[in-house]
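We have chain A; now place chain B onto it with these hints.
Chains as they are written, first to last, in our numbering: chain A, 1 to 395; chain B, 1001 to 1395.
These are calculated hints, taken from the structure and not from any lab test. Since no wrong hints were added, every one of them can be taken at face value.
DEER-style ranges, computed between Cβ atoms:
#1 B/E1002 / A/V140: 17 to 23 Å
#2 B/E1002 / A/S180: 26 to 32 Å
#3 A/E193 / B/G1366: 55 to 61 Å
Every residue gets a Cβ at the ideal spot worked out from N, C-alpha and C, and that includes glycine.
Protein chains: 2
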Amino acid sequence: MEFNFADSAKKMRSSAIRDLMSLAVRPDIISFAGGMPGNDLFPIDDLREIVAQLPTKRLEIAMQYGETSGMNTLIIALKNWLQQKGFPVDKNRIILTTGSLQALHILGKIFINPGDTILVENPSFVGALSAFKSFEANIVGVNIDKNGICIDDLREKLKLNPKFLYIMPNFHNPAGIIYSQQRRTELLQLMQEYNVPIFEDDAYGELFYDEETKSMLSPLKTIAKNEEQILYTGSFSKIFGPGLRLGWMLVPPEVYEKAEKCKQAIDACSSTLSQTLAEEFLTSGRMEKYIANLRNIYRQRRDCMVEELKKHMPAEVSFVEPKGGFYIWIKLPKGVNEKELLKIAIEKGVVFVIGSTFDPLGNENGYIRISFSNNTIEEIQKGIKILGESIKYLL
Amino acid sequence: MEFNFADSAKKMRSSAIRDLMSLAVRPDIISFAGGMPGNDLFPIDDLREIVAQLPTKRLEIAMQYGETSGMNTLIIALKNWLQQKGFPVDKNRIILTTGSLQALHILGKIFINPGDTILVENPSFVGALSAFKSFEANIVGVNIDKNGICIDDLREKLKLNPKFLYIMPNFHNPAGIIYSQQRRTELLQLMQEYNVPIFEDDAYGELFYDEETKSMLSPLKTIAKNEEQILYTGSFSKIFGPGLRLGWMLVPPEVYEKAEKCKQAIDACSSTLSQTLAEEFLTSGRMEKYIANLRNIYRQRRDCMVEELKKHMPAEVSFVEPKGGFYIWIKLPKGVNEKELLKIAIEKGVVFVIGSTFDPLGNENGYIRISFSNNTIEEIQKGIKILGESIKYLL
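If we strip away everything but chain A, and leave its shape as in the complex, we get (with noise of 0.2 Å):
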């Protein structure tokens, strides 16, 4: 039997990162290359707990259907949640989606048209480009340095009359940058000229690992005049856990009354049981209880991940320290080859994610995105050792 896919079908390719899940999961291999928890950290004691103490009338709801858009109570909760953080819920309506990836990609549906111009921070998160990609989209990257999105850049791409510019402020990844206070205002006054949303895609912002970057983290939903540009999606993966696959958009009325539609064809609602499990994590005090020890346990990965390339790495490499979130983006030594450098590092034991899986066109461009997140303090020591040591090899 020939089956005859539609256009889009026959163009889709399969994300690169994947295959390096499999080689992420060899026991023989240290790998710095999933964008995940620690195993180890999940909040299994508090699951356990919740399960067992929950009503049965309320787990009899989290087994059935529910509203499209999200559990009210659940809603509720996090709008309470968001509003102590500066968010303008009662202008804005919630969605829970399932994940914050389906929340870009119910946006990526009811704005793109095949062939449309979308702007994305070069490099840029492989899910959201997979995503935009599902539609055809032409997707045209934006320069990042260390500060931000690069604002003469933005202004010169703008004039491709994109259909939205999405952006990840907050512990990029792969990135692993914060954009400053100077940028986002520099940023909030040129998007003001236009008619452009903006998807702020804020995945990692409560993991911040010291006090005076939690006072740079200002979403932009929360500080722009015209917050109605601004379409901002969270998540649930890095503060509980992404098995939940449990994820939001805070999105003006008008947005969401499409948005909701869409999911309703996608798949009618997001797993109830999450949401349950979600809400009562977040009311009970348990969650913000856990992220504190999160924010403390991945700070030390963090300080021992930079300690040790510090240690290890030859002059000629560079990287940002990143205040929060789980990437640290590495920028190699001219003439090393990301791909020649993965296999040598995979001969050696240890896996990373090369630079051209982040760049909208799939280029290369000299960088590896290396997590710490999900790696013990000796998986660190010993897996950084050997990135030094792969990269010398080809210097």
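Just chain B now, kept in the frame of chain A:
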């Protein structure tokens, strides 16, 4: 700010069934509207037991990202289960999906170009219609009778060169019928002449209410000479709980490859927590016991509803007694308008879904769908009496 949505988003419509759901939760109204399992029937004790007893390592994996196509251990368990039922599991591959609606959404996305003709039964499942509409399909209905799809009408409509045929041979939603063996054979014979895939949706197949019916169930995927032509979808929603959002597709490798890439861009993976619970529910033998009990209870509810209908409906009303599933599809007397009837019935305290909801073009058809799955015997007795009075009022 003016949002410049994609063309397809501008055309999106809300599913009519959604508004009824808000009525369905009003305590003063008896709802026969929802296509949902009984809240009182979910296996909450099993759920608590599983979460309490699973090793911590497995719960950690349950909180983490998983493979896009699903957790390998669940796929193996599902394969074994399906193999026992005669499915060609070795020639096909499984993808776990976020409800079986997502499986239909993905299949829609990889087959439909805007404007493509597809065939569905008329009436058809509203979720599937909504998914296929979101890709701007030209949806053409094929008539069904009490024995299944009408072969002559199908032969006629196949001339339109459709991309696929979507059907529910077992306990049809909303029509409540099961395809006869003869109709299955005729259908497969006809379809063999065409290079047109069949999407076989079998969400209700486990819910047969007598042994004779059990022997009629044989899914097309298990009996077709050209089984490759059949893209099969199943669901845990009716045999564990829809709140898990867990379904699957069993499809040939070529389709798998496209579908897996498509899912990567939608939500990366389905809830690994749900998958872990489903695996344990299935492999521990709890599921089999649970389904056996469900059949008994739903049979009683079906028997009660059929009996009450015979007691309270005017002679001009007709329906096929369902041998499984959740639904009775009621043909109204001539002159009784379904919308008017719904208005009267809601005033008297009963809600259901009008037939036009399931018509591919939204045309009125003189039918209503009532479900017996989520009501007690007392509610069924009271509600059907009210429904009878409402119809008589309009005669």
